[in-house]
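For reference, the chains in residue letters:
4 protein chains.
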Amino acid sequence: LSSEKILIKGGTVVNAHRKEVADVYIEDGIVVSVRPNIKVGDHVKIIDATGKYVMPGGIDPHTHLEMEFMGTVTIDDFFTGQAAALAGGTTMHIDFVIPVNGNLTAGLESYMNKAKKAVMDYGFHMAITKWDEGVSKDMELMVNEHGINSFKFFMAYKGSLMISDELLLQGLQKCKSLGAIAMVHAENGDAVAEGQKRMIDLGITGPEGHALSRPPVLEGEATARAIRLANFVNTPLYVVHVMSIDAMEEIAKARKEGQRVIGEPVASGLILDDSWLWHPDYTTAAKYVMSPPIRTSGHDKALRAALSTGVLQLVGTDHCTFNSTQKALGSEDFRKIPNGVNGIEERMHLIWDKMVESGQMTVTDYVRVTSTECAKVFNIYPRKGAILEGSDADIIILNPNASFKIASASHHSRSDTNVYEGTTGKGKVEATISQGRVVYEDGKLKVTPGSGRYIRMPPFGYLFDGMEKADAAYFASLNAPIQRTKSAA
Amino acid sequence: LSSEKILIKGGTVVNAHRKEVADVYIEDGIVVSVRPNIKVGDHVKIIDATGKYVMPGGIDPHTHLEMEFMGTVTIDDFFTGQAAALAGGTTMHIDFVIPVNGNLTAGLESYMNKAKKAVMDYGFHMAITKWDEGVSKDMELMVNEHGINSFKFFMAYKGSLMISDELLLQGLQKCKSLGAIAMVHAENGDAVAEGQKRMIDLGITGPEGHALSRPPVLEGEATARAIRLANFVNTPLYVVHVMSIDAMEEIAKARKEGQRVIGEPVASGLILDDSWLWHPDYTTAAKYVMSPPIRTSGHDKALRAALSTGVLQLVGTDHCTFNSTQKALGSEDFRKIPNGVNGIEERMHLIWDKMVESGQMTVTDYVRVTSTECAKVFNIYPRKGAILEGSDADIIILNPNASFKIASASHHSRSDTNVYEGTTGKGKVEATISQGRVVYEDGKLKVTPGSGRYIRMPPFGYLFDGMEKADAAYFASLNAPIQRTKSAA
Amino acid sequence: LSSEKILIKGGTVVNAHRKEVADVYIEDGIVVSVRPNIKVGDHVKIIDATGKYVMPGGIDPHTHLEMEFMGTVTIDDFFTGQAAALAGGTTMHIDFVIPVNGNLTAGLESYMNKAKKAVMDYGFHMAITKWDEGVSKDMELMVNEHGINSFKFFMAYKGSLMISDELLLQGLQKCKSLGAIAMVHAENGDAVAEGQKRMIDLGITGPEGHALSRPPVLEGEATARAIRLANFVNTPLYVVHVMSIDAMEEIAKARKEGQRVIGEPVASGLILDDSWLWHPDYTTAAKYVMSPPIRTSGHDKALRAALSTGVLQLVGTDHCTFNSTQKALGSEDFRKIPNGVNGIEERMHLIWDKMVESGQMTVTDYVRVTSTECAKVFNIYPRKGAILEGSDADIIILNPNASFKIASASHHSRSDTNVYEGTTGKGKVEATISQGRVVYEDGKLKVTPGSGRYIRMPPFGYLFDGMEKADAAYFASLNAPIQRTKSAA
Amino acid sequence: LSSEKILIKGGTVVNAHRKEVADVYIEDGIVVSVRPNIKVGDHVKIIDATGKYVMPGGIDPHTHLEMEFMGTVTIDDFFTGQAAALAGGTTMHIDFVIPVNGNLTAGLESYMNKAKKAVMDYGFHMAITKWDEGVSKDMELMVNEHGINSFKFFMAYKGSLMISDELLLQGLQKCKSLGAIAMVHAENGDAVAEGQKRMIDLGITGPEGHALSRPPVLEGEATARAIRLANFVNTPLYVVHVMSIDAMEEIAKARKEGQRVIGEPVASGLILDDSWLWHPDYTTAAKYVMSPPIRTSGHDKALRAALSTGVLQLVGTDHCTFNSTQKALGSEDFRKIPNGVNGIEERMHLIWDKMVESGQMTVTDYVRVTSTECAKVFNIYPRKGAILEGSDADIIILNPNASFKIASASHHSRSDTNVYEGTTGKGKVEATISQGRVVYEDGKLKVTPGSGRYIRMPPFGYLFDGMEKADAAYFASLNAPIQRTKSAA
Ligand SMILES: [Zn+2]
Ligand SMILES: [Zn+2]
Ligand SMILES: [Zn+2]
Ligand SMILES: [Zn+2]
Ligand SMILES: [Zn+2]
Ligand SMILES: [Zn+2]
Ligand SMILES: [Zn+2]
Ligand SMILES: [Zn+2]
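Residue numbers (the working numbering), protein chains in the order written: chain A, 97 to 585; chain B, 97 to 585; chain C, 97 to 585; chain D, 97 to 585.
Next comes chain A alone, as it looks inside the complex:
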């Protein structure tokens, strides 16, 4: 298989920095050449991409495959989740390793095992859920030995994943020293707990209680807090799943002042609104439960606007899927509804339709927000996120004149529901190439368990560029310490 040779002919090759009509020649999983009119010999698979876009495969920076959570396990594992991804034009994702009882090494081992059935490339972020010397040492190990360059801190999920400001500060400083990116789930977990109690006290036990218990102001609060603590430490910050205007405006403000903050909206937050949570059918309503919640109409539009101009930088999914039976765990109490929605298969189509087909975003920016910026932030560009000579041959072919339709009956996730059920739009991924192999074509998937590779992500990516110089300049500017005589005056 590794000797497969492919020529993609006549398409518009789109990189974040450029689009051009060109052929792409692939050998041994690597892009060998990108230029017009490439001549090839025999034994080369030819794909005609005339009138279509040839783009880097999507990279989803935010997924949870086979994650133990809220008493159950997400239904998509590294096989089904990745298969769905490939069918939807995503060729790499970065999943979150959850430590085992706070232990990072054990967590990584567990996830390495889960990923043995992988059918496409993947990387890992690592969650930090407690703090001690061991964790601190393990963070070094993760970065220096295990190819992890990002750590996530949960400011919500009180009693389980949530960490305090004190720990967050320790974490930010450790991240800075390691050249690793600090990520936050930004909601005020103490207030969320109060909000949940309030709703239950009011007799609001259904899915709508989920949204009401954790309003946007709590996301705005935590986002502001994380940003300012990162400013104080002077280290880059990555805010996952930006769901509200409140959070987005904090990011915009920080960036205006020169702070290095990355904002990741997710497909559900960009596309959906919370009216579904009021649906009279429990199963329907429950499938939209995620945290932070999908917001009222208006937040989605504002997030799309911010994405279109680079105020937010890249799009994830927080793919974290549970089926109806699992969602039914919370039928008497929304606090027990497993949090999460699907998206890994749908993201590329939805963003194309809502952002490009709508005229709000250029094709090159589409590549940037779905693939390139993720590769850059996590320091694997241009191996990933580009169609350049030497890049991994993770490529999609999108037909802008074809249409897509989303349905749980036909999707590749193991879940029996889909939060985008029935959604249609323009632009269809007609072929996906992963590691130089055509894995999706003519609506058919051809994947091999175990073929997916773990992609190591080195520390000190571009967000750290010049940081030590800026620190030095800052310290030089303090005009301190002052030499003093201790007077008695």
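Since the hints were made in silico from the structure, they are not lab data.
This one's a predicted model, so the numbers in the text were calculated from it and none came from an experiment.
Put simply, identical chains are the same to the list, so a pair is met inside one copy or across any two.
With a Cα cut of at most 25 Å, we get these calculated DSS-like pairs of lysine-lysine: (1) K293 - K272; (2) K233 - K293; (3) K397 - K565; (4) K397 - K349; (5) K226 - K254; (6) K565 - K115; (7) K540 - K213; (8) K542 - K141; (9) K565 - K522; (10) K522 - K540; (11) K450 - K272; (12) K501 - K565; (13) K293 - K565; (14) K565 - K450; (15) K272 - K226; (16) K115 - K272; (17) K540 - K501; (18) K101 - K141.
Based on the hints, put chains B, C and D with the ligands in the right spot on chain A.
What follows is chains B, C and D with the ligands alone, placed relative to chain A:
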């Protein structure tokens, strides 16, 4: 003494709502009449106020007399501090009771004792420094039995006064139920602790390290957090000592969105800048150490602008005075410098000069920010904060054409230093009347220990007006709970 | 009639600065006494106000009675408009004199004539629609001889009322020198004209085209422009009919920076949304046409929030009424629909219900925004806007437990429609006293044409306080001119 | 010469999208290959770039060579200005054609003549200074025949270049239809004229009067106005020389809301502050006079922050140089000081030092803001703005360890002064390659008059992508026109 009768003739009587040329007649400590050309009989002291302003005595919402803090005790007690106040035109203050080992009742008892030497009227806020059932019960007692209607939460001073978000949320909810105002000292205490450590590690042990260790971003963070948690609970919030643009802008934003947030700048923050902390003389530098720190030039001007248009509402001092010997405790380590500056005597003059004499504020607004708004917020208006028939006769006479000069040699505080040393300006309080008695005149104080009265402040002041209706409207708007059949779909 | 004596007993007397249970005694049109338990002799009309609010009559800062506009004349004149006002609890209004061919004196004469049938007190603003030496001189005359202290500039209505930036700057400077308040109708008139053309070109000729042709961005633009030019000149600015978030945010920003800007939302903007303009019945849709347009839902709520915290200061109506026949002038072309809605009768009820009954505003603030602030801004306080000894006896009695219902069948305007048709709410003005006479009681009006008085408004109101000192400080700060030698280097 | 072959060996090749250690091979003025270890034959000039950065030559989007202005002519023409540019690492610029008596064609002809002595590539923007059918037609001609895709509108320079809102709206609409970018010089010209008069009246006739007469609020105003009018028309806007926080914040706000606005700070605004204008030596002070003025300290820092995060997008110079004799024209009246500063030679060094060497910006972003983004905005990428196969060989080699020093004695401009006199910093352009020829090396320039080429810039660049779809979506969303029966109700 209580039968003293006074007629203030021919001045411009200024209330926050109106200024008019009128006489003021006082009997038994109460304003009996305010109108032009009052005729009186014999045995009435006549004060000619022609060409001068006759205004409600200042009310300082924020002082710390005889407070045990950082291993020492503030040097002004209820006698010297209040004497200074009266000499400067302030006739009432509200001090902060610090619980004894977290116990509110013991704290109140202690402060009631300290206040036995009082020479003017005073009230109390109560600090909350831990949380349990006893504290919660005691809060009820304080409000319902002891005349306290405000509770302060410290978001800084880690390891001593600082409380967590969880406690703050409990406190906010308790305050709401009692009709008591929640107050916050807004700095992120965890980050401050890190910042202090960082400065010490850098060898910056002097007073300038104080400012550098707790930059404005940490005040902005905590202010944003407190505001949003108060929004979440829907209860009024009072932010003490707003020292930075960062904090002020959070208040402005919340108010624009209709939230009931009160912002209290203090004299030092409105007038001074942090350059003093870099002074080569330790004693000079150390006297400017307070928290949040006095900021770089520019913050002061922005705070004055916000005060002038009602974005900030009233002016305090955080009078918390230590003399040079006490300040010397931190000569090797800024973390040990007792935090605090003077102001109770200087506030009325400084605000007049900087705000009214500069043309930035009207005389009526001067009365509002120095006296009336405080009386309204803490629900003792119009007994205090006004010169109306029936009001307490706490009155000052200010000559706009005279000048003031501030010097530690002549001030009434027990401290040997003054952060406004040498400051001069226009507008001089020439007489102070407290409880209907002339206590300051011709530069001379005539005060009687024990004559000061404890002023009970009832709960549910104007900031709570309509809150239950707004809550009801909010709950009605939720369209929840939804009646559901639990489907299997 | 002038000798009528009235005692209002037992009500809650509300001033902007205070509410208290007290009696109010009135003689000869003046408030003689406000205190509990007033004893009176015979021949005094007693009104029992127990359980009700006794408040200053409303002052509407923004009306257009008998105005020639868009080829017709507003249907309410100084008789019917004022009668409606009194029936709704408004006892004074300030109307806009429109110059005759740009001539101010002729305009004033015309309006003085129109006002001969007045049944309540009134004042005048003056519009400035062209600029030359004569206009400049006439402005002086208006201020110094005729009791006018405010001038309005239209930034829209291209080709008729609109003025250029150049004229606006001249006007602002003239206003500053005279101590008169500059007012603006803030929309970009050039862009509105383009927008109208665009809609007609699209075949959108109905009332919905009105809103679409002049979106909020154009109101925000002009508001920003006027504010910044007033900042540049350093003179107070009054923005009439703030209809959008865009405009409100500009005002909020300027005030935060210390600028003296007054924002006047109007009843329609606070209560309604633009969905009516899409109504399939032309007559229904057309009655909502005013400029700036009533906005989409969300703007109303944001304006109410800003009003509740003083970011906006007082409420007008822009009462400018046309009946169905007149509105029909634009049935083929929205540009010909006479612009204007009713409100002079409804304002006091609507604001009570939406702001006070909803819990969003205190009763004292209600008095402030409906009456007191207007009297202060236009320098007729405390004769107007207060119930104080010596104030004009313009008073309403509002029963918070009674209800109101609005209907064109029963309103007092001459119009056959009402934009609030069918609206009900809590809080009912049960009696109106004007000039010390009960003019509305038991649902009955008793008014006398010609009894209304012209109220002169002196210049240099509170918004000008200290301005010359601020100017002097500014000039002193310039550190200019620099003395220079002209070198050749 | 055109057959020159060059191999740049071993440097770090930096494009905006990527940096990599590679060789660059150039033939016939075109980049032939970019990859490590390129083997070449004889007759190839080898440049060793080991340890140095190989980057696209700078493109200066904003210059005024040989422009007639304020009664004189800028002293640098297309020879000296371009020579200076090349010596400083800039290999292309876009100059502004000023129409002749409003006539575009005549203006272009004049500039084509001036450019005959060009020594490097250049393009043109076109100013629009009046409006009629002829201008409108000529704009079509410029775009469709003459390779111009941007038009500039002056909102200042009253009486000469300034246009009204009405014209600006016409211009924006025309630009939209042509796919041309509208550019604005954003200051309120009417207010500037008043401000100038005010300063003269105050006796402030020196250079400091220039800054005082046109404060930031007037730049903020015009920027807000232009942005909102462009929003209204829905066409891209390019704001030249963003000099103040006020203007930058308007751009930030618009971008956050999804509007396509480009902000161009210039070297002087990013680096300098206005204290120079108070210099006692006239010649020194006068050389800093430009419009909008260089601002007080603080604006520069805020602009750099905004540039670092993409809130502002690219850096120009507004190189518009006059020598001391010319500047002396205004020695009695700052209004006559020819407006303009140098920068075309200094920009690349200054931005490197202030942004990259300081640690605030990555090297790739440096390329983006100095070259690539300009090429993209003006639709000549990747011919310009990149080192890709097929790109024009406009390349610089920068040694990050060498230093630069700026002095009028050694600069290449014809001017006898330099606003950066004496400035030193790290990072030195050691070689410049233009059109594949080494034109600057070892501190020596080798340029050939007439060798510069006019670069045509096609319309409908990326800022127009999807605009017609967005417009269609907007119109579809209007739900208009409504079909109505004209009722009589
Ligand atoms: Zn999360
Ligand atoms: Zn997640
Ligand atoms: Zn404090
Ligand atoms: Zn304190
Ligand atoms: Zn108007
Ligand atoms: Zn009007
Ligand atoms: Zn310019
Ligand atoms: Zn220019």
